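Number of protein chains: 2
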Amino acid sequence: MTGRDGGADLRPIGNSPVVVLVRPQLADNIGACARAMANGGLFHLRLVAPRDGWPQEKAWRNSSGADRILDAATVHPTVADAVADLHHVFATCPRPRHIVKPVLTARGAVAELRQICARDLRAGLLFGPERAGLDNDDMAEADALVRFPLNPAFMSLNLAQAVMVMAYEWWTAADDTVPRRLMTNESQVATKGRLDNFLTHLVDQLDACGFLRNLPKRPGMVRNLRHLFQRGEVTEQELRTLHGVVTELAIGRRRRGRLETETEA
Amino acid sequence: MTGRDGGADLRPIGNSPVVVLVRPQLADNIGACARAMANGGLFHLRLVAPRDGWPQEKAWRNSSGADRILDAATVHPTVADAVADLHHVFATCPRPRHIVKPVLTARGAVAELRQICARDLRAGLLFGPERAGLDNDDMAEADALVRFPLNPAFMSLNLAQAVMVMAYEWWTAADDTVPRRLMTNESQVATKGRLDNFLTHLVDQLDACGFLRNLPKRPGMVRNLRHLFQRGEVTEQELRTLHGVVTELAIGRRRRGRLETETEA
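Chain order of the listed sequences is Z and U. Numbered per my numbering, the first sequence spans residues 1 to 265. Numbered per my numbering, the second sequence spans residues 1 to 265.
One or more of the hints may lead you astray.
Pairs involving identical chains hold if they fit within one copy or between any two copies, as the list cannot separate such chains.
Stated by the list, open to error - Below, a list of computed lysine to any residue pairs in the SDA-like style, where the Cα atoms sit at most 20 Å apart: (1) 58 with 26; (2) 101 with 232; (3) 101 with 188; (4) 58 with 23; (5) 58 with 28; (6) 192 with 223; (7) 192 with 224; (8) 192 with 203; (9) 101 with 87; (10) 217 with 228.
These are calculated hints, taken from the structure and not from any lab test. Just so it is clear, the structure is predicted and the values come from calculations on it, not from any experiment.
Given the sequences, and given the hints that come with them, work out the whole structure.
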């Protein structure tokens, strides 16, 4: 995955948008963009007039194995040339002004890109140079602008971070992982019946050792313990461990009890 | 905003999660993390045993003005020490295994973090070191793991990129920007009536010049033109321009017509 001889076995996944880096300055950043693209399942990279020329060894060194994306990247003299065969172009722009243009959030843009790509049209995403961003002529090539919702007090976004946000949204839009699940180590989440068995065991031992001897308070104390153990999912393996913990503590207590009795004797 | 003397005027925004970088290796990355935190409105940074010590000038140089976050960062010998005053801790982890733990998506984790913070509890987010990630003991300090949905063929995520995804989700969760809007340069979107005025003007001129002389085809041609202009929002300023375009083209044509007649004569 991070090997140096050809890098990860990356290839295009379905019809995905082309990332167009417009006049990028640093090869390091181009490599970091390729890495972010790989993270989000994007593959097609076009470079418009990279400042220091192309190819640049540094890009490969900084891509953490996203070599295939860099190997397949193409270089173009102008934005118009880079987008000539595309059907839709969105341009990322932190501070749009004085133009009449649809403005999309990152998530909104990706929702539209997913629809465009599902129709077998070719889409592109423009990212401006590190310092200046896209200029007015670049933006005139785009259908719409993309403006990430971010802290207005600090909008300075690294180029690869901008690509990361779009790549992450691209991947997430087609991902159906549930927001929360319990990862268990082969063991299953215990049923209520199994949990009740353990709680009965616990209460029996607490009765035996005298912890619940205050009878008026006993029902409330038992309920509070039940509430605690009901709060999260407990696995069968964990219940077995808890049974063992209670048993061993009780035996230990009885042994200590014997020792103390012997000592007193 | 990206000044070097103290950087951007950043401060905590409400009750936001603490970012805990566990055994970070490179000061450059710590700076990049601070920048990403600022982008997403996070402020509180804690460093557990940074490899090269702290402070490191490089972090400030690479934070693009997120100096205040670095100025306020605290250093801790262990994860346990760094999270001792927190109520909830989530740990980012790309490849969790062999533990029983809730696993959240980035968006799912942020939804829960927003609820925790709204209850005035203190939450923390652990990020592991660049190469190895969090170890098993680190993860045992956490309530739950966070695993970003990303391309399984390329999970190697830069530390600052991981922070960026969480910071972006944090900001986005409280952001209500509409997914698509039309940015207009003071001009308003034209009403259907204004658009109809223009289309009537256009059709009048096309009748005058003979473009619509095929009477059986005329209704369909007019409708197709109307469909085209109805497809997107048009502003009042743009309609004024379009009126001018049609008028000038028509005048030009009449002038050329005169010239041609004169030449023929």
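Here is how each hint holds up against the structure:
When the C-alpha separation of residue 58 and residue 26 is checked against a cutoff of 20 Å, the pair qualifies both within a copy, at 9 Å, and between copies, at 18 Å. Taking the closest pair of Cα atoms, residue 101 and residue 232 come within 20 Å of each other only across two copies (11 Å); inside a single copy the shortest separation is 49 Å, beyond that limit. Taking the shortest Cα distances, residue 101 and residue 188 sit within 20 Å of each other only across copies (12 Å), while inside one copy they are farther apart (53 Å). For the homomeric pair residue 58 and residue 23, the shortest alpha-carbon distance inside one copy (16 Å) is at most 20 Å, but the shortest distance between copies (26 Å) is not.
Taking the shortest alpha-carbon separations for residue 58 and residue 28, both the intra-copy value of 6 Å and the inter-copy value of 17 Å come in at or below 20 Å. Taking the shortest alpha-carbon separations for residue 192 and residue 223, only the intra-copy value of 15 Å comes in at or below 20 Å, while the best inter-copy value is 67 Å. Taking the shortest Cα distances, residue 192 and residue 224 sit within 20 Å of each other inside one copy (16 Å), while across copies they are farther apart (66 Å). In this homomeric assembly, residue 192 and residue 203 come within 20 Å of each other (Cα to Cα) only inside a single copy, at 16 Å, whereas the closest approach across copies is 75 Å.
In this assembly of identical chains, the alpha carbons of residue 101 and residue 87 lie at most 20 Å apart only when taken from the same copy (17 Å versus 45 Å across copies). In this assembly of identical chains, residue 217 and residue 228 lie within 20 Å of each other by CA distance solely inside one copy; the values are 17 Å within and 78 Å between copies.
Checked against the numbered hints above, the structure violates none of them.
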